[in-house]
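Asks: From first to last, the protein sequence lines are chains Z and E. Residues in the first sequence are numbered consecutively from 1, following UniProt numbering. Residues in the second sequence are numbered consecutively from 1, following UniProt numbering.
Treat the hints as calculated values from the structure; they're not laboratory data. One or more of the hints may lead you astray.
Pairs count within a copy or across copies, as identical chains cannot be separated in the list.
Mimicking SDA-like on lysine to any residue, the simulated pairs with C-alpha atoms at most 25 Å apart in a straight line are [to be verified]:
no.: 1; residue 1: K145; residue 2: E108
no.: 2; residue 1: K143; residue 2: G326
no.: 3; residue 1: K145; residue 2: D114
no.: 4; residue 1: K192; residue 2: M17
Quick caveat, the model's predicted, so the values are computed rather than measured.
Protein chains: 2
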Amino acid sequence: MNAVDGKIALRSGNVDMTHGGGGRAMADLIRDLFRRHLHNPILDQGNDAALFSVPEGRLVMSTDGHVISPIFFPGGDIGSLAVHGTLNDVAMSGARPLYLTAGFILEEGYPLADLERIVMSMARAAKEAGVPVVTGDTKVVEKGKGDGVFITTTGLGVVPEGVHVSAERAAPGQAILLSGTIGDHGVAILSKRENLEFETEILSDSAALHGLVAEMVAAVPGIAVLRDPTRGGVAATLNEIARTANVGMILDEAAIPMKPDVSAACELLGLDPLYVANEGKLLALCAAEDADRLLEAMRGHPLGAEAAIIGTVTEDPANLVQMKTGFGGTRVVDWLAGEQLPRIC
Amino acid sequence: MNAVDGKIALRSGNVDMTHGGGGRAMADLIRDLFRRHLHNPILDQGNDAALFSVPEGRLVMSTDGHVISPIFFPGGDIGSLAVHGTLNDVAMSGARPLYLTAGFILEEGYPLADLERIVMSMARAAKEAGVPVVTGDTKVVEKGKGDGVFITTTGLGVVPEGVHVSAERAAPGQAILLSGTIGDHGVAILSKRENLEFETEILSDSAALHGLVAEMVAAVPGIAVLRDPTRGGVAATLNEIARTANVGMILDEAAIPMKPDVSAACELLGLDPLYVANEGKLLALCAAEDADRLLEAMRGHPLGAEAAIIGTVTEDPANLVQMKTGFGGTRVVDWLAGEQLPRIC
Numbered sequence: 001m002n003a004v005d006g007k008i009a010l011r012s013g014n015v016d017m018t019h020g021g022g023g024r025a026m027a028d029l030i031r032d033l034f035r036r037h038l039h040n041p042i043l044d045q046g047n048d049a050a051l052f053s054v055p056e057g058r059l060v061m062s063t064d065g066h067v068i069s070p071i072f073f074p075g076g077d078i079g080s081l082a083v084h085g086t087l088n089d090v091a092m093s094g095a096r097p098l099y100l101t102a103g104f105i106l107e108e109g110y111p112l113a114d115l116e117r118i119v120m121s122m123a124r125a126a127k128e129a130g131v132p133v134v135t136g137d138t139k140v141v142e143k144g145k146g147d148g149v150f151i152t153t154t155g156l157g158v159v160p161e162g163v164h165v166s167a168e169r170a171a172p173g174q175a176i177l178l179s180g181t182i183g184d185h186g187v188a189i190l191s192k193r194e195n196l197e198f199e200t201e202i203l204s205d206s207a208a209l210h211g212l213v214a215e216m217v218a219a220v221p222g223i224a225v226l227r228d229p230t231r232g233g234v235a236a237t238l239n240e241i242a243r244t245a246n247v248g249m250i251l252d253e254a255a256i257p258m259k260p261d262v263s264a265a266c267e268l269l270g271l272d273p274l275y276v277a278n279e280g281k282l283l284a285l286c287a288a289e290d291a292d293r294l295l296e297a298m299r300g301h302p303l304g305a306e307a308a309i310i311g312t313v314t315e316d317p318a319n320l321v322q323m324k325t326g327f328g329g330t331r332v333v334d335w336l337a338g339e340q341l342p343r344i345c
Numbered sequence: 001m002n003a004v005d006g007k008i009a010l011r012s013g014n015v016d017m018t019h020g021g022g023g024r025a026m027a028d029l030i031r032d033l034f035r036r037h038l039h040n041p042i043l044d045q046g047n048d049a050a051l052f053s054v055p056e057g058r059l060v061m062s063t064d065g066h067v068i069s070p071i072f073f074p075g076g077d078i079g080s081l082a083v084h085g086t087l088n089d090v091a092m093s094g095a096r097p098l099y100l101t102a103g104f105i106l107e108e109g110y111p112l113a114d115l116e117r118i119v120m121s122m123a124r125a126a127k128e129a130g131v132p133v134v135t136g137d138t139k140v141v142e143k144g145k146g147d148g149v150f151i152t153t154t155g156l157g158v159v160p161e162g163v164h165v166s167a168e169r170a171a172p173g174q175a176i177l178l179s180g181t182i183g184d185h186g187v188a189i190l191s192k193r194e195n196l197e198f199e200t201e202i203l204s205d206s207a208a209l210h211g212l213v214a215e216m217v218a219a220v221p222g223i224a225v226l227r228d229p230t231r232g233g234v235a236a237t238l239n240e241i242a243r244t245a246n247v248g249m250i251l252d253e254a255a256i257p258m259k260p261d262v263s264a265a266c267e268l269l270g271l272d273p274l275y276v277a278n279e280g281k282l283l284a285l286c287a288a289e290d291a292d293r294l295l296e297a298m299r300g301h302p303l304g305a306e307a308a309i310i311g312t313v314t315e316d317p318a319n320l321v322q323m324k325t326g327f328g329g330t331r332v333v334d335w336l337a338g339e340q341l342p343r344i345c
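Chain Z on its own, in the form it takes in the complex (with noise of 0.2 Å):
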């Protein structure tokens, strides 16, 4: 038993299969960690849903898994993660993201001290980003069917009038920005998998994007499609985007924003970094007119100051993303290479 006096022992215990089983052990882990860090009026209300008033509209609902390895990295972990993941796929159909749910899978010896840092750092996230997490769910798996914590959120986000973002309304003239360097997360957890050091510490860039979004909405309500490039990259993501709206794209190399060291660690690692992670960048693609209005919203907020026009949307029915090199050359930015790293989010 984890129970001293009544309350669960946060600094020496660990998760066992009771603490999944319905019963006395499970309400107290509920209370003594997920209700006492992660507290709000709904979350508060106790019952097995959340109950919340909405106005008249067009919501959005998005849900994401989050099996990151390692769980605690530079720049955050899963807690932070799982919040910031979610909130930025509601984010991307242009909606304001209202609230969160969150359910755990967790592995039987699991430390209660790090799960307890876990919920901490979700919980900061969420307030940070203004979300509370109104229900959650707590599961056990024995030791070896699991790997420490798994969690799950679900978004639920309000559309405001007039905005109508869609991967489908890419069309041919658009053009193409992102909001900050590329790669980031993916090289933070590749180092730290592989222990490698650099001179400076390569952090994530996990981070909630809705407040980005809130600015480019207001400044461009027209923008045609929103898309956070996680797992796959740029690539992944754009080749997706040219696929659902049979289009195709041109970038400039030259454009897209990385930092120093990130370049430096894809060359060591043998890593294409349009194909790497992101967690705190978004591209966007809206009517070239309204570029360079979109451009000076992203780069007045903090999340966008590095922002860019990388690139324009064409007419072509092979779908292809291309990009001029540095060279001055143009390559194609395939879609099949796209497992580079397992686990990224």
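With chain Z held as given, fit chain E onto it using these hints.
Replies: Below, chain E without anything else, positioned relative to chain Z:
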């Protein structure tokens, strides 16, 4: 590679790490398996978030991870359970479920044919319930870091005007109703695990209860509490309500419906059926004068045909749940024996 002529090889292939990589393999899996079976106009939008309109009013949101072992069991599988479990959590607010999301965590090496069976079962359950899966997510973990398939579902529902269902509304004098026999789900799972054979196969009661709830709410809009006795069974659920509302309860053992087979199996396995999980039953608390009307409404629905009034809410600062036994005595239905069966849902 699990690709044959550009299609994933469902019959012979296995989940591999590329299916979670964000590249083409993942896109193919989503298209050929998830979207193919779960398709509906919202899911078919193909964005990372699902967009839909809701009427003004009160919504509920609930999330549930599913880690059941074995994945296929008599009366269902993890796919149908993941739909039913979350629909029921939403319905226990008195709400009408509108939408579901699903996050899959797959273990490398899991047979794609089995995954397809699960997704088909999920699609069938969602269709029967009239609630579409509108967005989802897939992650893959290395062999030995998961256990086949975990599914976290989140549900969104709308609460009818005038309905206020919440555990804290439990009050002395209220009647406690149960919608049918207890223990079916837990015993079905354990029989399968232990390879026990009974004269007739014991099936899980896994079912979506929102249709029953709609009838109940229509008959008695003033229902105080609804709760589905899943993990920890009727005992844990009633103890949780008693503690939340600071009341006691007295149950009548003879009134609690149970199948003879389930009763026999519990005796054989040394289980107290009050602690065994159900996945298609609910407990309801309502004013004593409404109890007969509520009972009649429940019995008029196929999933409530064997409903019964099983007890009364009492004033008790110790929040004890007690039971009048067949021998004329009274015993305390404690909350400590929470974990009887791991990974029951």
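Asks: Any hints from earlier that this structure breaks? Give me their numbers in increasing order, please.
Replies: 2
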